[in-house]
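S.K.: So the sequence lines, in the order shown, correspond to chains A and B. The opening position of the first sequence corresponds to residue 85 in our numbering, with each subsequent residue numbered one higher. The opening position of the second sequence corresponds to residue 496 in our numbering, with each subsequent residue numbered one higher.
Any given hint could be a false lead.
[Unchecked claim] With a cut-off of at most 20 Å between alpha-carbon atoms, the simulated DMTMM-like pairs for lysine to aspartate or glutamate come out as follows:
1. B:K777 - A:E108
2. B:K818 - B:D845
3. A:K160 - B:E898
Just so you know, the hints here were simulated from the structure itself, not pulled from any lab data.
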Amino acid sequence: MKTLKTGLVFFPAFDWSISPTHPEREERLLYTRDQLFEEGIMDLPEIEEFAPRLALKKDVARVHFCVPQVDYQVLKAHLIAAGASILLGEKVYRKEIKNGFALVRPPGHHAMRVVHGNRGFCNINNEAIVVEYLRHHYGIKKIAIIDTDVHHGDGTQDIFYHDPDVLYISFHQDGRTIFPGTGFIPELGGPTAFARTLNIPLPLGTTDEELHFILDQLILPVVQEFKPDFIINSAGQDNHYTDPLGSICMTARGYASLNEKLKPDLAVLEGGYAIETALPYVNMAIILAMAGQDYSYVQEPQPPQIRKSTKRFNEIKEIVTQLKDIWRNKDKINLNQIFGSEEYFQRKKSIYYDTDGFHEEQVERVKRCKECPGYITIDSKAVHSWRDSVKVFCITLPITACSSCQNEAYENYSDARNNRRYDYVYIQDKVKDVFISYNRKTKQELYLED
Amino acid sequence: MLIGIDVGGTCTDAVLLRKDKVLAKAKVPTGEDLLGSLMKALDKIMEGVQPAEIKRVVFSTTIITNLIAEKKYEKVAVMIIPGPGISHEKYNFKTETVIVDGAVDYRGREIIKLNEQEIKEKLFLLEQKGYHKLAVVGKFSNRNNLHENQIETLVRGLYPDWQVVLGHRVGGKLNLPRRVVNAYYTCATQEKYSKFINSVEEALIKRGIGADAYILKADGGTLPLRASEKVPVETIFSGPAASTLGVQALVPPGQTAVVVDIGGTTTDLALILSGEPLLSSKGVQVDELLTQVRGLSVRSIPVGGDTAVELSEGRILITGKRKGFPYCQGGPCPTPTDALRVLNLIDLGDRDLAVKGISTLGLNCSPQKAAEQIIDEVVKIIVTEIQRMFLEWEQEPAYRIWELLQKRSVRPDIVAGVGGGAIGLVEHIARELNCKKLLPAHAEVANAIGAAVARPTVQLSLRADTERQVFTVEETGYQGKLNNTKFSEKDALDLANEWLNRQAKSLGVLCEIGEVEIIRQEVFNMVRGWHTTGRIFDVVLQTKRGILQYVEQGGSK
Ligand SMILES: [Zn+2]
Ligand SMILES: [Zn+2]
């Protein structure tokens, strides 16, 4: 049998940046390129490089409600990063490659379902776009996303919070000390997807050893039990000990062995801003690990200063124990005690767009359906810095929605269209793969075609 | 007048061009006595011509390719300074490979110093094993050649008669393993190559030709004969480059063409995109080792006029193997050439024999029909490969948004056939691809024509790091200081231009370079905290590639 290769899309987008001194700037992958090329990584027989392709607007709309339109929030660079992720995801699913690593910019895990602007350097969520693409085109069911970025992947969490078929596990520096300030243990998913979201807040200074304790004791057993059809590593590299934004002490080899154990089908680059001291080494180590190669020769020039701390390790053990309990008891817990017994679960959210500097207020409502994961509506209002407040109403139907949820969702859509409160009304119908937006001012309804 | 000479393994071809006309052409067998064959070819085309009228002579040769293929060189050891990175077990260069301590990073900063004692011990062991040729290559030596130079000094002191080749001087691009192979082959072939150059010079002197003499490189550019001594591997695969340029000179300007060179055992394919031959994005492969040598994108498929044809489960099978001559020329089994003969598409060998050969297949149809089926199969194989080449070219990685967005689908306008089997097949291939067919005149000496019209090309890649106040030149391995804290993008461009001119001068082609294009011009900031502390400038300049002139199609069949 032919041994499959590890697929790589390297798209550094050397001509895209937020601003010249922003951490997410053109040269972020420059030294990674130098390292990969000099090592001859692309020549290894175990590795195959692909050119990225562009994601379609429809691929974006399958996940996001871009206000007012996809075009408005999404640049070519975003479509390329998402398209590269799709390309590799698809090739893995078709068994054309063993696994894939999309080494792309810009990142995406802070992009939530509703997009009014840029959050944490992200506009659209690359991993979520791959998930919905694979579900639509290949009927793939259960997916696990492991977020290894130092920041909580609040966007990915938001998108799959009510989705029982997506297991989202994120470890990250404790939200009390870092952007975006979320990702605590009690954030466990909504009533229809309880404990499908697991957050592991790390104390400052967490080391490789401690992280691998979490991996071995908690993450790997949970993933194994969930039995996903597809595993994605949302591969942020800012947990590295030299990262200027984070305070966690992982090394390149620590990242590599994580991937060796997790065996993701697809890794998608997220953050990582130590562009000289970490990225070249971490990226290479991950590639080698995914390709089943020896990464023991990879070594950062400055070794880490590891400080052992019994206090920190005990704290970590406590977190692991707590989450293991929750996972073990997830089906025995009385959800009504947590979420109430209403047929529609409702929560309010306030979302800060750090790059653009404005707030969005949301009311999210989930139908607790017995037949399907239920449809969701979002009433969202944001005061964009450049104009008056924008009010939108969004409805999303999961791909497995039952017919009564479908009917209800469309009733909601026509009601909202007649409601003068909203500037735009959207319906995301994943059952029919139809995405419609309604502009109340122009009275125009737009079906996204491509 | 221009002369082009292609020194191939079996034949030496020569042409004499005056303006756009082929004045004379010759084909002589290449013998052991290289000088003799060269003289014979020269004499044939020089009849009645004054040597003073010759302005330029260009050679293309497979000498180095053959040297390497037949391993006719002394053993070479490789010393690598890889530092941290991929496993050292991965370095497999089919020769004695020694790894020593030391490391430089991607910006050319020394991270780990060399250990002289270790190096001395390892050199001693090499000497014990009888080595006296050594290629020394460090990771990122193109960004800082300190370690390579230090080792060279050590060797010179200890073993003055050794031949040492340093990586940064023979391959400045990123890619350590390929740079090692470049250095290794340079070290292996330099001596024999110099002998070849000497024969060539002698031949020219003997016939009183004082014109500038050049050698064709794999990328279709030319190098002055003497300058090429430093980089003999660059001349590898100049044969296919010559044939592509030759066809380029014979097809109308600006067209997109596929060059189909159908020989006895293989068919070579090359692409000319909007009038320019396509370069392979990575270096060429030599004897299973990957090099940094830029070459034209040429693909060889194992199907030719002499390929054995068999029947497998009632279907025609093109085996990809040659078992001898075609049946019509007394060979053992039917071949595509026999099929062409049966259909009267070529006039070669005995038609009755061809019919008999085709009949041995035992197909349930007339020999005519069977021959058509064979041709269809061959055409299908070639067409599939052509389409795959275009597709692969479209799918080449891109690293910038604009690059990716400007990618487009291109399909050929012309199928140009050269080589023995071309006449009968090109029409079919062209029809399948919906193109015009072209059987250029003088195609049998296309290689020599390509050499004659090849343009000297000079490329220069400059990388300046203002934080470290250093710059490097990829092509020469030169490393210099900037001494300018206000170094700007314009300064980078000026410096690159200055070095391009310097390079052209040292290659002796300053007067021929013509217009210079900017291939790449990029700036990357270095930010510490929230402040820009320096910039990296990346500038690549290149003189116009391609051919000096087109050649008239007079006397075309
Ligand atoms: Zn991050
Ligand atoms: Zn339902």
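S.K.: Please go over all the hints and tell whether each is borne out by the structure.
M.R.: Results of checking the hints against the structure:
no.: 1; hint: B:K777 - A:E108; in the structure: 29 Å, violated
no.: 2; hint: B:K818 - B:D845; in the structure: 18 Å, holds
no.: 3; hint: A:K160 - B:E898; in the structure: 12 Å, holds
Hint compliance for this structure: hint 1 is the single one not met.
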